[in-house]
Structure formats: structure tokens, C-alpha cells
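Peer 1: Okay, here's what each chain looks like letter by letter:
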Amino acid sequence: MFDTDELVINMGPQHPSTHGVLRVVLKLDGERVVDSDVVIGYLHRGIEKLSENRDWTQIILLTDRMDYVAAATNNLGYCETVEKLMSLEVPRRARYIRTILAELQRIASHCLWLGTHAMDIGAMTVFLYAFRERELILDLFEEYCGARLTYNSMRIGGLPLDISPGWDKKVREFCTIMDEKVDDYEQLLTNNRIWLERTRQVGVISGPEAVAIGLSGPALRGSGVARDLRKDEPYAAYDEFEFDIPLGGAGDTYDRYLVRLEEFRQSVRIVRQALDGLPSGPIIGKVPRLIKPPAGETYHAIEAPKGEIGYFIVSDGKSTNPYRFRVRPPSFCNLQALPRLIKGHLVADVVALIGSLDIVLGEVDR
Amino acid sequence: MAEAIAFYALSVLILGFAILVVSTRNTVHSVLFLVLNFLCVAALYVTLGAEFLAVIQVLVYAGGIVVLYLFVVMLVNLKRPPETHQDPRRQTLTGFVLAGLVLGELVAIAVYSALPPTPTGGVASVQGGNVERVGYALYVDYLIPFEVASMLLLVAMIGAIVLAKKEL
Amino acid sequence: MITPAHYIVLSAALFIIGVIGVMVRRNIIIIFMSIELILNAVNINLIAFSHQWQNVIGQVFAIFVIAVAAAEAAVGLGIILAFYRNKETVNIDEMNLLKW
Amino acid sequence: MADEKKDPELPTPPEAAADKPPSASPAEPLKGEVSRTDSPGAGVSAAAPAKPRTEPPAPKPDNPAAARPAAPPPKVPPRVAPKPGAEAAAKPEHKPAVASAPAGPPDPPPPADIAAPVFIMRLHDALPGAVTQLSYWVGDWTIIVPAGRLLDVGRFLRDDPATSFDFCSDVTASDWPPRPQRFDVVYCLYSTRLRHRVRLKVRAGEGDPVPSVTSIWPAANWLEREVWDLFGVHIVNHPDRRRILMPEEWQGHPQRKDYPLEGPGELLMESPLDWLRIRTAQDTRDIE
Amino acid sequence: MLDTVVIPLLKILILLNGVLIAVTYMVLLERKVIAWVQVRLGPMRVGPYGILQPIADAVKLMVKEDITPTRADKWVFTAAPIIVIVPALIVFAVIPFGDQVDLFGRTVSLYVTDINVGLLYIVSVASIGVYGIILGGWASNSKYPLLASLRASAQLISYEVAVTMTLVSLIVVAGSLSMVQIVRAQQDAHVWFVFLQPVAFVLYFIGGLAETNRAPFDLPEAEQELTGGFHTEYSGMRFALFFLAEYANMIVVSAVATTLFWGGWLRPFPSIQVAPLAWLGLVPGWIWFLAKTFVFLYVFLWVRATLPRYRYDQLMRLGWKVLIPLAIANLIVTGFVKVLL
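Protein chains in written order, with numbering that gives the first Met the number 0: chain A, 0 to 365; chain B, 0 to 167; chain C, 0 to 99; chain D, 0 to 287; chain E, 0 to 340.
Hints in this document: simulated from the structure, not taken from any laboratory. Among the hints, a few may not be true.
Here are the simulated lysine-lysine pairs, DSS-like style, with alpha carbons at most 25 Å apart [to be verified]:
{"hint": "1", "chain 1": "C", "residue 1": "K86", "chain 2": "B", "residue 2": "K164"}
{"hint": "2", "chain 1": "C", "residue 1": "K86", "chain 2": "A", "residue 2": "K26"}
{"hint": "3", "chain 1": "A", "residue 1": "K48", "chain 2": "A", "residue 2": "K317"}
{"hint": "4", "chain 1": "A", "residue 1": "K317", "chain 2": "B", "residue 2": "K164"}
{"hint": "5", "chain 1": "A", "residue 1": "K291", "chain 2": "D", "residue 2": "K256"}
{"hint": "6", "chain 1": "D", "residue 1": "K256", "chain 2": "A", "residue 2": "K342"}
{"hint": "7", "chain 1": "A", "residue 1": "K285", "chain 2": "A", "residue 2": "K48"}
{"hint": "8", "chain 1": "E", "residue 1": "K59", "chain 2": "E", "residue 2": "K73"}
{"hint": "9", "chain 1": "A", "residue 1": "K291", "chain 2": "A", "residue 2": "K26"}
{"hint": "10", "chain 1": "E", "residue 1": "K73", "chain 2": "E", "residue 2": "K142"}
{"hint": "11", "chain 1": "A", "residue 1": "K168", "chain 2": "A", "residue 2": "K180"}
{"hint": "12", "chain 1": "B", "residue 1": "K164", "chain 2": "E", "residue 2": "K73"}
{"hint": "13", "chain 1": "A", "residue 1": "K317", "chain 2": "D", "residue 2": "K256"}
{"hint": "14", "chain 1": "A", "residue 1": "K180", "chain 2": "A", "residue 2": "K169"}
{"hint": "15", "chain 1": "A", "residue 1": "K317", "chain 2": "A", "residue 2": "K285"}
{"hint": "16", "chain 1": "A", "residue 1": "K342", "chain 2": "E", "residue 2": "K10"}
{"hint": "17", "chain 1": "A", "residue 1": "K291", "chain 2": "A", "residue 2": "K317"}
{"hint": "18", "chain 1": "E", "residue 1": "K59", "chain 2": "B", "residue 2": "K164"}
{"hint": "19", "chain 1": "E", "residue 1": "K63", "chain 2": "E", "residue 2": "K73"}
{"hint": "20", "chain 1": "E", "residue 1": "K142", "chain 2": "A", "residue 2": "K26"}
{"hint": "21", "chain 1": "B", "residue 1": "K164", "chain 2": "A", "residue 2": "K291"}
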């Protein structure tokens, strides 16, 4: 078995902590990772190709199936791109509700991340705590659009549904709960010695290097690069709210953890502001019955929970489906940094780092 | 009577496992038989009233040293069986001749000891206090050898680490 | 009636098995284990006589033997590992060089 | 297919699109909604809708651009304008070959009243002739460069302090089969310091080498692998050019427009190209 | 005959059955306790409050197919679980659950045997269990179990050193290696040894967590890293044996902690004979013993529900650079105090 000093093991595609069907081929020296190769594509469903043969509205529900833990954000990114292509205006109320949904979705996605990340490092209770809160968000979404995972909750030009009466109150209640619970998570983990030892100085990546390798989202901000598309290229209604962008310093797993935990609080803050200032009015703009954007192409990116989700869409102006539909999946680009991050670390850190990048294989493989 | 039964049973086990240790092809099995052999030897020590030594035998030999062997066996897992290589200078015959000589000596001892029955055998074993007496002997009467042994172990430990480490 | 002679015979038999192991087997790990058998044979003798004369010194000696065995195993196995790393073999017939 | 045939009166895409942003769009029925912007400034003109999109996040680079418009704008259009013209002239020649297939993305040139951002000026100054064409559409600037100059342009855009496109958001491609240079390889760049975006576009035909930009932006590594995997764009000097999403033994490149969408499962999986040949022999119109 | 053969055999029978039942219910307890920590209910379906769950589990494990991987070493693969479970069970022989009691007019001691090297016996027998783990991982002929078994054995051996070192200072205080004598020594000292040797207790408990491969030291069976650890390839009853051994070892560690540090069967304030504390004496010793053991078992589960997992190198560092030096320092201090007083 130890014919050479190096042992090659296959982590995945069926492995409890690769968050799906990721396969990482590790070349180990003892338990230390010498080299690694990330093999993806096990969940490739050809969503891009499929979308090129669906009409513009049908694609919304395909975007649900990419990052299935943050479906609303995917919908938002797609709808905004098409709106940009068509130069459509979205009513203010719709933009506010979109913001609320996107931020709730961010909290839900971060809950799932926190749970699985903590579970990977062995703190099993945090997993269930985080899922308990995620469940509340899923309930809110269920009340809003009837679905719990794949929401199909946006439309080109606005929203399919207005919020039901009393929904905003429930969201407010949830915000109160969430604020407390984030403190609970922090109590369990933030100053826990074992947690610190497992995450500090693990997978350190400097800011410039993180930019070069294409990290985005909390993984990039953990390295101290202030890049948040909500601030830099405001979409939906983000330019009307006050919120901070948490930044890390060392660029290690612990910083990425802290950034995401602070994002919980900031998201709650945004949701509160949006609820306070929720304007009345229509929820969908003037959209032609047959959606057929003029010929042209555009790239539009928004800040998904996992990073920059960008849509590059080409319309030929003639058919009712996009000529080219391309997603820039944040998980895919973040996962690219994994071999760089795990090099020289131990097998146990591989697990922690996969968790720290917060990938969803449905999005990586599309 | 009970002592005799225990002795013969344990002797058979000890010798049987010892033969298996040297004759088994699979090195891991060999190590396992060595453990069993040591456990039986420990049991023999108990019958001889040396409980402390029996426990040490299990703790140090079976629980420590042989685990080390097992580690090495697992690290040195060969693709080809190690016995295939035939050295022309290999002296299997001499080995058996030497073993035969020792066997002869053994027979001589047996015959010699069988002639005049030893009068002092079978004294009742010491009840309790064994640990204290061993401890006293070890730390008072044989303190210097004890310290030398500890130095030996220290040196061996450092040596083993130096040898086993890949690069210094 | 079990006399010291019985123990001597047992010990000698174990010793012989150990010697045969050292002589016949080519796998150096097995040879090391045979040496452990030999040391155990010695220990059995020591304990038997300790029991015979009601004197714990035999046991003290046995403890020293175990200590030496531990040292021997540690260093010996270290050498085996170092050797294996260079020559990829544990066959003692191939260990015919003082330097490689 | 049916849709396309229903609209014979539709002008050819390149011309229509080229005209739209500056002049034609005010006549569009959707005009009322155009000025949905992120900034509260509402009364922007027709051409402006997208302009704030590039502006607000990047106040610093834009201010110099705004200060300079008198000088640069005349400089840019003369250089760029003839080429789209040539392109537009060239395209109708391809059109008759396959009536229904679009001949390529419109890539409209920037309207006259929009000043090119400072990074494009800098690029023009530093690497004259590297830009084949400049395009502006709904707020996005696209620089079309020849494959041979891609690395120069990329390195300049990354390193120059006025451009500093240090973040490669995306590398992708689109496929326009009848065109000889059928692939558009698109590089979406972003500057984390100046917070502006640009798209680089390289046109390449089947088998034309496209240099890998992995040496400039390591982030492009997997993205280029994906472009190779799904489009078969011949990317050269890539450190690790393997398939990424499809299995290693996969035949063909599924994102191409001429890749069959359906077929007998086994055959399609094992050798889609054979299947394609069979289908082509039967009826070319079925391949869609 | 009755005293030498029948009663010991009866004791062994009762003890073994008791331990095995306790072990199966430990599994239920663990699921329940962790469920409560995590705001869940735990098993609720089998019997009231899931009380019959262990029986269902046992039936399931017994009727499950017992798979031997094709290229596994059959004999070793079969022997490994046995090697693990046997030491875990025979250790109970020297654990004193109580003092002597009068039962049916006969004085019966509530322990199977009291040997004068009892503590060393526990340590040495427990060290045999590591073979089962190494061999189980090796014989599976699979990479993850092999990695896990190497981890497990390295961990066990390292922490065994720390634990044994720690126990030496306790032996210095107690002056005996016999478990029963150690408890008596606490009675004579009028105080539980945890108050004399607090450092030793903490070290012992941490070492105990590590030696039983429990969280936060559960690396050898870290599902997230090694897909289940050294028993990945095991199924059915052979897997159950590994499982039972782990819980039996937990009980052993808790029982030994109780015996050595928390006064075994002694009630609190063992030698203060004042009226307000008299009711403490009414409770039989074995109940005190079981109650204390239960507290430690609960702590085992509590720790598991709360803490993340150490990494391999951190675990080794903790063992070699923290626990062992502390144990040695504790021993030296104890020795000095013993000599000076």
C-alpha cells in the first residue's frame, strides 16, 4: 500500500463531506496533501445547453436548479440580466421585495454552509441549529411562493406574486430570532479553542492571490478584498440601504467563517431596512407579452451568497430563446482555488477547506 | 496438579505459537501469533507468581513493542514475497545443524535433570506484595542498572527517530 | 510436579524455535520476531528460577531484558524502515552492503 | 425555426442592432421603461440608461474620462468606425449561405455621444492596432481583439494602473456556425480596485489557436478548460487542457450549435459525431 | 466449590449481561442526549420514548448480511472485532462496583476479582484492544480504513503513555494497585482522590476521551474525513462488535474514573458521620458507583454534542506536548509532596 512514499486516495465522488458529488484525488505523503486534482462534472446536466432551447421565462426555473440552496438569488441574477438586455424598468416595490428575498436566501444559504462546515469539522450540534433557522426561512419562502427549495420566485420585469398580508411581520419576527441565533452560533464556535485551532492559519490565501485565482464572495472578502457587488455595482434596491461589508484580514478559514457570520447580521439589517421602507405600487413592470430581447449580448453579475454569479446572455433578437446562455457560477470559480488552498495541509483540512469555500455541486457542474 | 495442567497447556500453546511465528508466510499473521505467544508467556508468569511481570509483559511487549512490529510490517508491504530471492550463500543447513546441537543440549539437560529429582521445586508462590518487592529491588538494589537501562531506552528512542525520519 | 527442569526445557525449546527462525527465515522482520522469542525464552528461565529461589532479582532481570528488547526493537525497526526506503526490500540476503 | 421564418421583414441583425442604441431605440415601444437605473437620477436620455451602470461604482476612473471628452471621442470613432462597417459589409455575404442561422452577434459600435472610458483610451495609446473593433451595448464595453494580440492586451489591461483589470470574472464562448471564425471567446474582466468592467472578445475558427490567458489570470484555468470542453475552441499553451465537465472519453463538444440535441442514447453518448453524420445524411433540417 | 467456582461464574454471567445491556442502552442514551442538545426528540418510534430501540438495533444488526470484502484477509478480518471486544469486556473483572454485601446470608463482594495489580491489569488489557483496530483497518484491504487504523493506533499508544503516567501519581497517593484497595484508601484518607489529584483527574479524563476515540478525539472514525474509519468495510454483527467495544470502553473509562478519583462506591463525605448526612449512607454503595459512572458517561455525550474535532497533528501535539509533560510534572510534584509530608 505504501509502495512509494505517496498514497493516492480518492475523496469522493461519494464521500460524506464533499457536499455532493465532488471528487478530489489526493496525493498524500502520510496525511499531508502533496498534490491534488479536482474532478467535477458528475452533476452536469447541461443547463446552459438546455436553456438555449427554452424560452426566456422557462429558464427561470432552470436557474433554480443550479445553486439549489440559493435559488432566489439565481432567479434574481437571471431576471436582472434579461431586464438589462431589454432595458426594462422594474418597479420599486418589486426591487425591494427582491432584495428581501435575496437576503433571506443569503441567510438560508449561509445557514446551510455554517451547518455543513461545522459538521465537517466535527461540531455536529451547530449543524442542527443552523438547519433549524434555515427551516424558518424555508417556511417564509413557502408562504411567499409555495415552494421550499426551487422557488421560481422572480419574473422578468418584476415578481410573480406580491407578498401575502402579514408576511412582512413574520419576516420581522424571523429577523429578531436570527439576531439571537447568530450569537448562539458564535458562542459555540467563535472562541472555541478547537475551532480556532482547526480554522486559523488553514488555507491562507492573500488578497491579491485570491483575486488572481478568481475567488469571489465571502471567500474573497475573507482575504481582505473589499469587493461586494451589492456595493460596487448596486442592483435590485441595494443602493438604498445601509450595510457594511465585513472583511477578513489573514485570509484563512477562520476569517472566511467570521465574514459569513457577520453577513448574517448584515443581511438581517438589510431585510429590516427593506421592510421598513417597503414602497407600495406594482410588482411587475411593463413587460411585453412575448419576451424577445433585441439582438445583443450582455454580462451581468450579482452577489450571490457564494460569490459573483454572472450571466452572459446573447440574444439573436429573432427567436424566443437565448442564443447563448452562460452562467458564471461562483462555486465553480471558487472551487478552482481548492488545490491551491489544500496543498501542504492535512486530509482533515481538505474537508474544512471544501466547507470553507461553500460550494454547491449543482452549480459547479450545472 | 492444577499447576501441571496449566504448565503443560501453556507450554503447548507457547511452543505452538512460536512455531507458527517462524513458519507463517504472511508477516501480519506472524505478528499476530507473536502476540498470542506473549500473552501465553504472560499467563505462565502468573502461574509463577510474577503478576507484575505478567502485566508488564502484556503492557510493554504485547501492547507496545509488537504494535511497533505491526506498524513496520504494514509500512513495509511488499509487492513480491520476500522469500523468493535465493541467496547462493544461504546456509539453511548450518541453521538446522546449529538447532540440532541446541536440541542435543536440551536433551542433555532433560536427562541430567531427570536423574536426581530436584528437591526445592514447587515452593508456594509469594502472595501479594510482589509489586513492592520488585519495586524495591529495582529502585534500591539495582538503581544504577535501572538508570543505565533508562539511558539505553532514551538513546534507542533518539536513534529510532533519527533512523526512521525521512530527512533531517 | 513441575520442576525448574520443565521450565528449562520449555525455555530451551522456545530458544531453538527462535534460533531456527533466525537461521531459516529471510524476512528481516520475522528474524527480529524470532529474536524476541529468544529473549522470551531467557525471561521464562529467569522467572522460573526467581520463583524457585523466592528471589525477585530474577524478575528485575526480566524487566531489564524487556527494556533491552524494547530498545532493540525500536532501533532495529528504524533500521529496517531506513533500509526499506532505500532498497525496497526486507530480504536479509539482499542486505549485503555496508553502504549504498 | 418556425419563428424565424415568420419574420421576413425583420432587418438583418447586425444593421438593426447597430442602429438601435443611438437612434432606433427611442422609437421602440419599450422605451418608457428604459431608464430603470440604480441611481435615483431619473431624467437620463435614451442612450444613457446603461451609462450609470458603469459609472456609479467607479467614480474615480470616470471623472478623468468626463473631463477629457473633448479630446478623445473624436479620436476613437474614426479608428473604430470603419471596421464595423467592413464587418457589416462582409456579413451579408455569409447570410445567403444559410438563410436561417444568425451570422453572429451584432456587436454594435458605441454611439457617438458616449465617451469611451479611460481604460480604452489607454489601450489605444499603448497598443495601437490591437483593437479590431469596439462595441457598446446596454452599458457594456466590449473590445474585440485578434487572437494574436490577446496576451498583449490582457497583460496591459491587468498591469496598467489606469485599467488594472485584475479579476477575470468569466471566460466563455459562443458559437456561430456558418461564420468561418465561428467562435466568439469572451473574457469578462473586472477591476477590484477601480470597479469597472470590460469584455474582451476573440474570434476564432475551428482549430484556430487561441492563446491561454492562464498566465495572466490564473482564474481562467478552469474556465478555459470548460470552453475547450464544451466548445472545442483550440486553446493553446494551457497548463492543463483536459475536459472538465464532460467525461474524458466524451466525443464532440456539446455546447456547439451543431451538436445534436437528441438521438439514440447509447450512440449519442459514445460517438455523437457518428450520430450527427447519420442525421445529416438523412435530413439536414433536423439538426437543430 | 461454591465460593471458588459457582459464585465467580455467576458474577461473571451477571456482569457480562449487565455490561452488554448497558452498552446497548448507552447507544440509545447517546442518541437521546444528543437529540435533546440539538432540540430534537431522538428515537421515538420503537416502544414508548424509543425505549426498545436498542433491541430493534440489535435485531437489525444481527440479521444484516455480514460482508467480507473479496480481497480482505479473511481470518484477520474476522478476528479483529473479537480482539477489540474481548479486552473491553474482561477489563470489567477488576472494577469494584461495590464493597462486600450480605446476600442470602453469604458475604459476596461486588467485584469479580481483586488482583493486586488491578490498575495495571486494566491498562495492559486495554492496550490489547488496539490490535483489533489496526488489524481491522489493515485486513479490510481498503485505503480509508488503513489510514484510520494507523491514526487510531498512533492515537491510542500516545494517549496510553499519558494516561499511564497520570495514573502513576494516583498510585503514589493511594499506595496500591488494587482497585479495591484504592477505594479503601480514599475512605482512609477521608477524601476522594480527585481533591488530592485534580490535575491527574483532568488529564485522565482527557486521555480517556482520546483512548476511547470519542469526540473531540474521534478522528479514527471521523465520518467527514475517512468515511467511517477503520470499520468502514464492516457490516452486520462484526460492525456491531466494534460499536459495542467503543461504548464498553466508555463505560470502563467512566467506571475507572469513578473508582480512582471519585471514591468508587463511597458516598460523598465518606467519613463524616453527622446526622444531616446520614441519609447518604442509606443509599447502597453500588448505586453511588453507578450514579457517578453515569455522570461521566453523560459528560462523554455532552462533549460529543458540543465540541468540534481536533486535527490529527493537533491531537498528537496535545498528547505529547501537553498531557505527557503535565502528567510527569504532576508525578514529580506528587512525589515531592509524598516524601516531604
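Peer 1: None of the hints should be skipped; say for each whether it holds.
Peer 2: These are the hints, each one checked on the structure:
no., hint, result
1, C:K86 <-> B:K164, "16 Å, holds"
2, C:K86 <-> A:K26, "23 Å, holds"
3, A:K48 <-> A:K317, "18 Å, holds"
4, A:K317 <-> B:K164, "70 Å, violated"
5, A:K291 <-> D:K256, "20 Å, holds"
6, D:K256 <-> A:K342, "39 Å, violated"
7, A:K285 <-> A:K48, "29 Å, violated"
8, E:K59 <-> E:K73, "23 Å, holds"
9, A:K291 <-> A:K26, "50 Å, violated"
10, E:K73 <-> E:K142, "17 Å, holds"
11, A:K168 <-> A:K180, "19 Å, holds"
12, B:K164 <-> E:K73, "33 Å, violated"
13, A:K317 <-> D:K256, "16 Å, holds"
14, A:K180 <-> A:K169, "16 Å, holds"
15, A:K317 <-> A:K285, "20 Å, holds"
16, A:K342 <-> E:K10, "56 Å, violated"
17, A:K291 <-> A:K317, "7 Å, holds"
18, E:K59 <-> B:K164, "47 Å, violated"
19, E:K63 <-> E:K73, "18 Å, holds"
20, E:K142 <-> A:K26, "12 Å, holds"
21, B:K164 <-> A:K291, "69 Å, violated"
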